[in-house]
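Chemist: What follows is the residue order along each chain.
Number of protein chains: 2
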Amino acid sequence: MKHAYQKAKEAYCKNEVPVGAVLVHKNKIIASDHNQMRQNVSSIDHAELLCAYVGIKILKSPYLNECDLYVTLEPCPMCAATLKHLRIRNIYFGAYDFKGGGIVHGPRLFDSNNSHTEYYGGYMENQCSTILQDFFKSKRD
Amino acid sequence: MKHAYQKAKEAYCKNEVPVGAVLVHKNKIIASDHNQMRQNVSSIDHAELLCAYVGIKILKSPYLNECDLYVTLEPCPMCAATLKHLRIRNIYFGAYDFKGGGIVHGPRLFDSNNSHTEYYGGYMENQCSTILQDFFKSKRD
Chain A
1 MKHAYQKAKE AYCKNEVPVG AVLVHKNKII ASDHNQMRQN VSSIDHAELL
51 CAYVGIKILK SPYLNECDLY VTLEPCPMCA ATLKHLRIRN IYFGAYDFKG
101 GGIVHGPRLF DSNNSHTEYY GGYMENQCST ILQDFFKSKR D
Chain B
142 MKHAYQKAKE AYCKNEVPVG AVLVHKNKII ASDHNQMRQN VSSIDHAELL
192 CAYVGIKILK SPYLNECDLY VTLEPCPMCA ATLKHLRIRN IYFGAYDFKG
242 GGIVHGPRLF DSNNSHTEYY GGYMENQCST ILQDFFKSKR D
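So the protein sequences, as listed, match chains A and B. When we follow our numbering, the leftmost residue of the first sequence carries the number 1, and every step to the right adds one. When we follow our numbering, the leftmost residue of the second sequence carries the number 142, and every step to the right adds one.
Everything labelled a hint here was simulated from the structure, so no lab data went into it. Incorrect hints may appear among the rest.
As the list claims (entries may be wrong) - Straight-line distance between alpha carbons at most 30 angstroms, and here's what the computed DSS-like set of lysine-lysine pairs gives:
#, chain 1, residue 1, chain 2, residue 2
1, B, K240, A, K14
2, B, K198, A, K60
3, A, K57, B, K167
4, B, K143, A, K99
5, B, K143, B, K240
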């Protein structure tokens, strides 16, 4: 999660929404990224999706069932549903997203009997949450 | 929807799950595709996502708010959530997906007050549904 948080800090410095993610396969980081919505002119280039796309290319596999994802913010429904399709093994997230989350909030996409994924929230929650609050506060000021 | 159905037929012939989609911008088709999960070794390469990715590249826009999507099957939660992020204007779908749908089934992702999208189901429903049934029946036989 420290590595994912570093990615979020990079995003902050680039004026991107500061969310970072890291994809791990067999104890090795195979992808890491941060939100790229501004850079890529795309509303869907979230950190965890970018990592997932790289993961399936690197592993040449339709699934990420031997992978774990670390991400600084609770994934939204789009990312959560994509990670569900990819049958990712574990998701560890930092801050909870009360408005936009899709795992422990909103559609709670893994709480069904067709899920292959375990999830765990609240890792480095304070830091992961504070960097987002600071970012959006700086936008309003 | 006829064009989307043609794409589904192409998919059938290529041994891909027969779902087709067409993205329309200002009365012009700007993208059309079918599921490519087998070809691309990816569990997430659904027809509507592939069209959406092409759409944002072509339009150089983070959103598809002036676009309409025609797709032969009710989008799943992953696709529906992605289309919601992209603020697509209208979704017209063919067959209903009682088990895997995300629009009028499952999380019903557009039935919230933060949706920019209208949706309409049941276009060419019989044909769009039959081609899927035939495909999966041929797999079981």
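Chemist: Hint by hint, note whether the structure agrees.
Modeler: Hint check results:
With a C-alpha separation of about 41 angstroms, the suggested pair K240 of chain B and K14 of chain A falls outside the 30 angstroms cut-off, and the hint is violated. Taking the CA atoms of K198 of chain B and K60 of chain A, the gap is about 25 angstroms. The hint holds against a cut of 30 angstroms. Taken as a hint, the K57 of chain A and K167 of chain B pair is broken in the structure, with Cα atoms around 34 angstroms apart against an allowance of 30 angstroms. At most 30 angstroms may separate the alpha-carbon atoms for a hinted pair to count; K143 of chain B and K99 of chain A exceed this at roughly 38 angstroms.
Between K143 of chain B and K240 of chain B the CA atoms are separated by roughly 24 angstroms; this keeps the pair inside 30 angstroms, and the hint holds.
Hints 1, 3 and 4, counting from the list given before, are not met by this structure.
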